[in-house]
Structure formats: structure tokens, C-alpha cells
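Student: Okay, here's what each chain looks like letter by letter:
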Amino acid sequence: MISLAGRDILHSWGKFVFTGVGLGLLIGVTLSMAGIYRGMVDDAQVMLDNTVADLWVVQQDTQGPYAESSSLYDDLYRSLLNMPGVEYAANVTYLIMQVGHGEQDVSAMVVGVTAGTPGTPGQPQYLVAGRHITRSHYEVVADISSGFKLGERIRIRRNFYTVVGLSKRTVSYNGDPMVFIPLKDAQEAQFLKDNDALVQQRRRNAENPDFNRPGIPDLIAVVNASQSTNTYVNAILVKLKPGTLPEDAAEPIRRWMRLQVYTRIQMESILIDKVIDKSARQIALFLVILSIVSAAIVAFIIYTLTLGKIREIAVLKLIGTKNRTIAGMIMQQSLALGVIGFVVGKITATFWVPIFPKYVLLEPLDSVAGFFAVLAICALASLVAIRMALKVDPAEAIGG
Amino acid sequence: MSGKGIHIEGLKKRYGEGDTAVHALKGVDMQVAPGEVVGLIGPSGSGKSTLLKCLGAVIDPTAGRMVLGDEVIFDNDWKVHDLQALRRDKIGFVFQAPYLIPFLDVTDNVALLPMLAGIPNSKARAKALELLTALDIQHRARAMPSQLSGGEQQRVAIARGLVNRPPVILADEPTAPLDSERAMAVIRILNDMARQFETAIIVVTHDEKIIPTFKRIYHIRDGVAHEETGEGRGFE
Ligand SMILES: Nc1ncnc2c1ncn2[C@@H]1O[C@H](COP(=O)(O)OP(=O)(O)O)[C@@H](O)[C@H]1O
Ligand SMILES: [Mg+2]
Chain L
171 MISLAGRDIL
181 HSWGKFVFTG
191 VGLGLLIGVT
201 LSMAGIYRGM
211 VDDAQVMLDN
221 TVADLWVVQQ
231 DTQGPYAESS
241 SLYDDLYRSL
251 LNMPGVEYAA
261 NVTYLIMQVG
271 HGEQDVSAMV
281 VGVTAGTPGT
291 PGQPQYLVAG
301 RHITRSHYEV
311 VADISSGFKL
321 GERIRIRRNF
331 YTVVGLSKRT
341 VSYNGDPMVF
351 IPLKDAQEAQ
361 FLKDNDALVQ
371 QRRRNAENPD
381 FNRPGIPDLI
391 AVVNASQSTN
401 TYVNAILVKL
411 KPGTLPEDAA
421 EPIRRWMRLQ
431 VYTRIQMESI
441 LIDKVIDKSA
451 RQIALFLVIL
461 SIVSAAIVAF
471 IIYTLTLGKI
481 REIAVLKLIG
491 TKNRTIAGMI
501 MQQSLALGVI
511 GFVVGKITAT
521 FWVPIFPKYV
531 LLEPLDSVAG
541 FFAVLAICAL
551 ASLVAIRMAL
561 KVDPAEAIGG
Chain C
36 MSGKGIHIEG
46 LKKRYGEGDT
56 AVHALKGVDM
66 QVAPGEVVGL
76 IGPSGSGKST
86 LLKCLGAVID
96 PTAGRMVLGD
106 EVIFDNDWKV
116 HDLQALRRDK
126 IGFVFQAPYL
136 IPFLDVTDNV
146 ALLPMLAGIP
156 NSKARAKALE
166 LLTALDIQHR
176 ARAMPSQLSG
186 GEQQRVAIAR
196 GLVNRPPVIL
206 ADEPTAPLDS
216 ERAMAVIRIL
226 NDMARQFETA
236 IIVVTHDEKI
246 IPTFKRIYHI
256 RDGVAHEETG
266 EGRGFE
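In order, the protein sequences belong to chains L and C.
Numbering of the first sequence is given in this note's numbering, commencing with residue 171 and proceeding in unit increments.
Numbering of the second sequence is given in this note's numbering, commencing with residue 36 and proceeding in unit increments.
One chain only, chain L, in its complex shape:
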């Protein structure tokens, strides 16, 4: 037996290729959407990986430092070093801000890190160019996707910094490049007030009878000084001694230091369930809509193609073709359209993904799942046309 579906496709291949390409672009968009979601999850995981921390210690009753703000005194890390299982603890600040680069601003996640050897928590693990931060002021290591070059001067708030190193794939959970600066600078940047604000604040302190007491003339100076320094950080990153279970180390810190502690697994679920959850649901909805649109298009195309073959189908039935053979022919054509569409979609997605502004991760397993989803959608979509074809009366071939 010859393949009726195959012969028909070969005969009117133009129609099939055109609709296949159209469908393919749609499938390409669908695959890219899935890739965008995977990219977001991957960005979040990469961020956590690059932090090389086993525990995140944050302010009590918060889910910081990424999902909400958290602040801790910057001397707490010393006490942490004495807790069981803790090998290393480092202060860190995170600040999403606009970094001035020439005439332009770059959205970046500014990370304040304590100067130290690479591999300590918070630091970029390896650099693609330049060196790590060695001085405690006005040096930065930036992710290469920021567009900064070695030796360039960039602006964070009112201060200028020199780019001394470049890292790769050090991005925040939403894909912004990370810009690492010394902790002291970061604390200042977080707190920095403009001159007018400072003048106003001092005037207020002077007018406040609690601060400006005639009997204690030095008090006002102390208050002013304390208000213009920042002794807070957002989190303390903890590295554990080898063989220590994260939960075993976290529990005493929670209990005795009254701080919130998250393990890597908990932090990942906060990022994925809380921070990128809305975007993920948005993408899921898009996937559903695109699937419905694809199904509608395939159903319409196959229906139209079948409608154009009513007379041939009547003849086929008249000369004794089984209903199963006719249904199979339509189903196969629909699946063929799906295969063409998938191949086109996969190729186009691979080509256009690099020009997306955010990281898009095309997982092979997603493609496999996508392939079967396309086949299922096409099979389903052909049912309308099959129903019509089975209703065709062979008597129509004989005519009146």
C-alpha cells in the first residue's frame, strides 16, 4: 500500500511547507518562552552557585536578602565564626541600582563584598580578565555582560570606580550583571545622602530638644556622626566546614543568635517560588495560549485541506477505501505538518535566542517534551477534519 498522505504532501508540498513554516515560527516562539523560563531559573541558580555560600544569615522574620530587604549589624559575622560548623562568614550587601557608564546607565546588582581571596563567599569565583579587588575603595569587578571594559571609570551614586576585573555569568536572579565593589563603599553608597539632605537632617537634630541638650554640648555631634555612617549589611554568607550538614549548623544560629538562616535548598525555593513565580506563571499562561493558537491553526489548515479533497474522499470511499485508511491519511498529514513545524521552530529558536536580551536556556528535554506536545496537538487538531471526512457520502462521487 502506498502512503496516500505522503503522496498528497509531495503533490502540494508548497502548501505544506508554507503552513509548516508559519506553524514553525509559532513553535519557535513557544520553545523560546520555555527557554526564557529555564533561563530565569538558571540565572537564579547561577547566582546562588556563584555566591559559594552554604547558609544565608539574614534579619529575623525576613526572607532576604533577595526576596525582601534585610539588615544586620556588620559586626555579627564575628559571632557567627564561633558557631559550630562555621568555617567562614562574610558580610554582603546587595543593591539594585543604575551604574553610570559614560553617557548611559546600566541596570546592575551592586554587590558589596569584603576584600579577600577568590572563592570566599560573595566573591566572583573566577575572572575572565583583570584581577580581584585588592583595595578597600573605588575598585570594581563587573560581569562582562555589563559592557564595561578593564580600566574604565564607572559611576555609582556620586563616586567613580575603576574596573579592575571582569567576571562571566555572574548575574542577579533577573539577569542583571553583578558589579562587585568593596563592602565599605557599598555601605556608603546605600546610605549616601545628598548635601541638602545632610544639612536638613542636621538642622532637625539641632532643633530636637532630645538631641540638643544645653547640659551636654557634645551629644549633637555624636548623633550627627552616627546618622551619617552605615553599620548595616544585608546578609552574612556562611561557608561550613567539610562534612557539616547545613541544617545542623543553621539550627543553633536560629536559636541562639535569633537570626533567620536559609540553606541553599531553602534559598533556591524562595527565589523560584516567590521571586520569579509571577514571571513563571505569566510564561506558563503564554505557553497555554500559544498551544491553543497552534492547535487552532493546525485544525483550520487540515480542515481546509480536507475540505478541498471532499470529492477525492468520496471517490476513495466509493472504490472501497476503509474509513480507517482515510482517517489515517488526514492524521498523518496533520502529524507531518507538526514535524515540519517543529523542525522549523527548533531551528529558528536556536538562531534567534542569542539576540534575546536575557539568558534563554533551550533544554534538550524541553524540546523532546515540546515535540510530543506538538504531535499530540496535531493529532487532536486533525479530529475535526477526520470527523468531516468520515461523514462524506460515497454517493456524492456518483452525482445526481
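The hints are simulated quantities; they were obtained by calculation from the structure and are not laboratory data.
There may be inaccurate statements among the hints.
[Stated by the list, open to error] Once the Cα atoms are required to be at most 30 Å apart in a straight line, the calculated DSSO-like pairs of lysine-lysine come out as: (1) C:Lys61 <-> L:Lys561; (2) L:Lys338 <-> L:Lys516; (3) L:Lys338 <-> L:Lys448; (4) L:Lys561 <-> C:Lys47; (5) C:Lys125 <-> C:Lys158; (6) L:Lys528 <-> L:Lys448; (7) L:Lys492 <-> C:Lys125; (8) L:Lys528 <-> L:Lys444; (9) C:Lys61 <-> C:Lys250; (10) C:Lys61 <-> C:Lys47; (11) C:Lys162 <-> L:Lys492; (12) L:Lys492 <-> C:Lys39; (13) L:Lys448 <-> L:Lys516; (14) C:Lys47 <-> C:Lys114; (15) L:Lys492 <-> C:Lys158; (16) L:Lys492 <-> C:Lys47; (17) C:Lys114 <-> L:Lys492; (18) L:Lys561 <-> C:Lys114; (19) L:Lys319 <-> L:Lys354; (20) C:Lys39 <-> C:Lys158; (21) C:Lys125 <-> L:Lys561; (22) C:Lys162 <-> C:Lys39.
What you are looking at is a predicted structure, and each value in this text was computed from that prediction instead of being measured.
Put chain C with the ligands on the given structure of chain L with help from the hints.
Tutor: Positioned in the frame of chain L, the structure of chain C with the ligands alone reads:
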């Protein structure tokens, strides 16, 4: 292959129910011997197509009896379980328009029937080529239907009707789209085939030019068939 031709007794067909019912066939009696070609004529709406559709097992007769070869296929109800197989194996159809499958070439249009019956492709194509040769169209065997003239298409359609060597061929105005020369050629082919393969053939026609070629004619009027035997109608 030979069998006993076609026997129809008291065939009735009613379309619809009640007041709007149309009694298209009111008790048709008809016989066609193996190897015989009979004409079926009658005014438009007299029931010619209805008769072919009943015999071709595409609509259900209301009552009566039909015998193909030595098999009773209908006796107030279908006596055959698989009507599709009946059509495929026992009945060849030739229509007014050739209705070839546009995406199959000439050979496969003809070979499709034996293939549907489960015969291997190469053997089915050999059978097809044999008939195409008999109909003198073998030189277009690899052409697509759209590349053929009307007469050539009709010859391919006849080849398709004949390829399974059915005991019965039903032709509904097979010469309508053809000029008189080609129409006569088609009738000649049908007569040759009837003789060669012992096929019983019914040809519905309006065509004044070919009516004289039938030895026997059934004239349908008001749902009843009247036999006419004409002198000098033999086709040489
Ligand atoms: N499907 C149908 N439903 C109702 N009436 C029909 C149908 N097909 C044919 N008829 C009626 O049956 C009669 C015979 O029709 P038909 O067999 O097509 O005649 P002919 O082929 O001789 O022109 C006509 O009156 C026609 O209107
Ligand atoms: Mg008619």
C-alpha cells in the same frame, strides 16, 4: 469472474418519509448477462442515478432483491456485511467526470484498488499497466492526472473501474464530457472489456449518439424500468 451477471427484482427506493417522501424507484426489474453492455436511459429525475447507487451499495434500497454473480447481496436488507469490500471487489465505477486522485500518477490511480485489497504494490502496478495497455494509454503511465486530456483521463478512469476485474461495472454518463469520436471509443472499450472479462456493464446515458450502440436498453419512466430491444443496435 463470469458469474451470472446482474439480477434485480422489484427494487424500490423511497427518499424521505411521510408527505415529502419521494418514490424514486417503484419496483424495478432488470437483468444484465455477463459480457453484456446495456444502456439505461430516461428523463432527468427518473431514477437512473438512484438505481446505480442502490446497485453500487452506496445507498440503501427500501425493498426488493439484488443478485451480483451468484451472490444475493440484497433481499429486503443487505446480505453482505462489508459493503466497502463489496464495492472494492465486485463493482467497478465509471463516472461522468473521471474523478481521478490528483496526487497519484496514472499508474497508481489504477493500482490503488488492488493495493486497497491488499495486493503488493509491484503486483498491483503490473495489473494496472496491463489495463492501461489494453486501453492504449500506457505511454502516459507516469503522468499526473492534471497533465492528461479529458479523453485520456476518462480512459484511466475506465481502467480503474476494471482493474479488479469486477463482475459488474456501473457507468454514469461516462461519455458526457467527450466529443462523439472519443465517446464512441469509450463505448468500444467497454464492449471489448465486457466480452474479454465477462463483465456485466450498465451505462447510464443521455447521449443520442451512443444510444444506438446498445443491443438492449432499459428506459426508466416514473420509477419503473421498461426494456427495449432495438434492431440494428448491435455494436460492431
Ligand atoms: N438524496 C435524495 N433525497 C431526496 N430525493 C432524492 C435524492 N436523490 C434523488 N432524489 C430524487 O429522486 C428522484 C430520482 O433522482 P435521480 O436518481 O438522481 O434521477 P436521474 O439520475 O435519473 O436524473 C428525483 O426526483 C430526485 O429529486
Ligand atoms: Mg443522474
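Student: Compare the structure with each hint and give your call.
Tutor: Each hint tested on the structure:
1. Of the pairs offered as hints, the one joining C:Lys61 and L:Lys561 holds, with about 28 Å between alpha carbons and a cut-off of 30 Å not exceeded.
2. Annotation: proposed proximity of L:Lys338 to L:Lys516 holds, straight-line Cα distance about 27 Å (limit 30 Å).
3. Restraint check for L:Lys338 and L:Lys448: the C-alpha separation of about 27 Å stays at or below 30 Å, so the hint holds.
4. For the suggested pair L:Lys561 and C:Lys47, the alpha carbons sit about 25 Å apart, so the restraint of at most 30 Å is met.
5. Restraint check for C:Lys125 and C:Lys158: the C-alpha separation of about 19 Å stays at or below 30 Å, so the hint holds.
6. Restraint check: the Cα-Cα separation between L:Lys528 and L:Lys448 comes to about 17 Å, which is no more than 30 Å; the hinted pair holds.
7. Distance hint between L:Lys492 and C:Lys125 is fulfilled; the C-alpha atoms sit about 16 Å from each other, no more than 30 Å.
8. Restraint check: the Cα-Cα separation between L:Lys528 and L:Lys444 comes to about 20 Å, which is no more than 30 Å; the hinted pair holds.
9. Taking the CA atoms of C:Lys61 and C:Lys250, the gap is about 25 Å. The hint holds against a cut of 30 Å.
10. A distance of roughly 5 Å separates the Cα atoms of C:Lys61 and C:Lys47; the hinted pair therefore holds under the 30 Å criterion.
11. Proximity of C:Lys162 to L:Lys492 is assessed by CA-CA distance (about 21 Å); at most 30 Å being required, the pair is judged to hold.
12. Proximity of L:Lys492 to C:Lys39 is assessed by CA-CA distance (about 28 Å); at most 30 Å being required, the pair is judged to hold.
13. For the given pair, L:Lys448 sits about 26 Å from L:Lys516 by alpha-carbon distance, which is consistent with the 30 Å threshold.
14. For a cut-off of 30 Å, the pair hint linking C:Lys47 to C:Lys114 stands: about 16 Å separates their Cα positions.
15. Distance restraint check for L:Lys492 and C:Lys158: the Cα-Cα separation of roughly 21 Å lies within the 30 Å cut-off, and the hinted pair is therefore satisfied.
16. With a C-alpha separation of about 28 Å, the suggested pairing of L:Lys492 with C:Lys47 holds against the 30 Å cut-off.
17. The hinted pair formed by C:Lys114 and L:Lys492 meets the criterion: a straight-line CA distance of about 19 Å does not exceed 30 Å.
18. Simply put, L:Lys561 and C:Lys114 have alpha-carbon atoms about 23 Å apart, close enough for the 30 Å limit, and the pair holds.
19. Pair hint L:Lys319 plus L:Lys354 holds up; C-alpha atoms about 23 Å apart against a cutoff of 30 Å.
20. At most 30 Å may separate the alpha-carbon atoms for a hinted pair to count; C:Lys39 and C:Lys158 meet this at roughly 28 Å.
21. A hinted pair counts as satisfied when its Cα atoms are at most 30 Å apart, and C:Lys125 with L:Lys561 qualifies at roughly 24 Å.
22. A hinted pair counts as satisfied when its Cα atoms are at most 30 Å apart, and C:Lys162 with C:Lys39 qualifies at roughly 24 Å.
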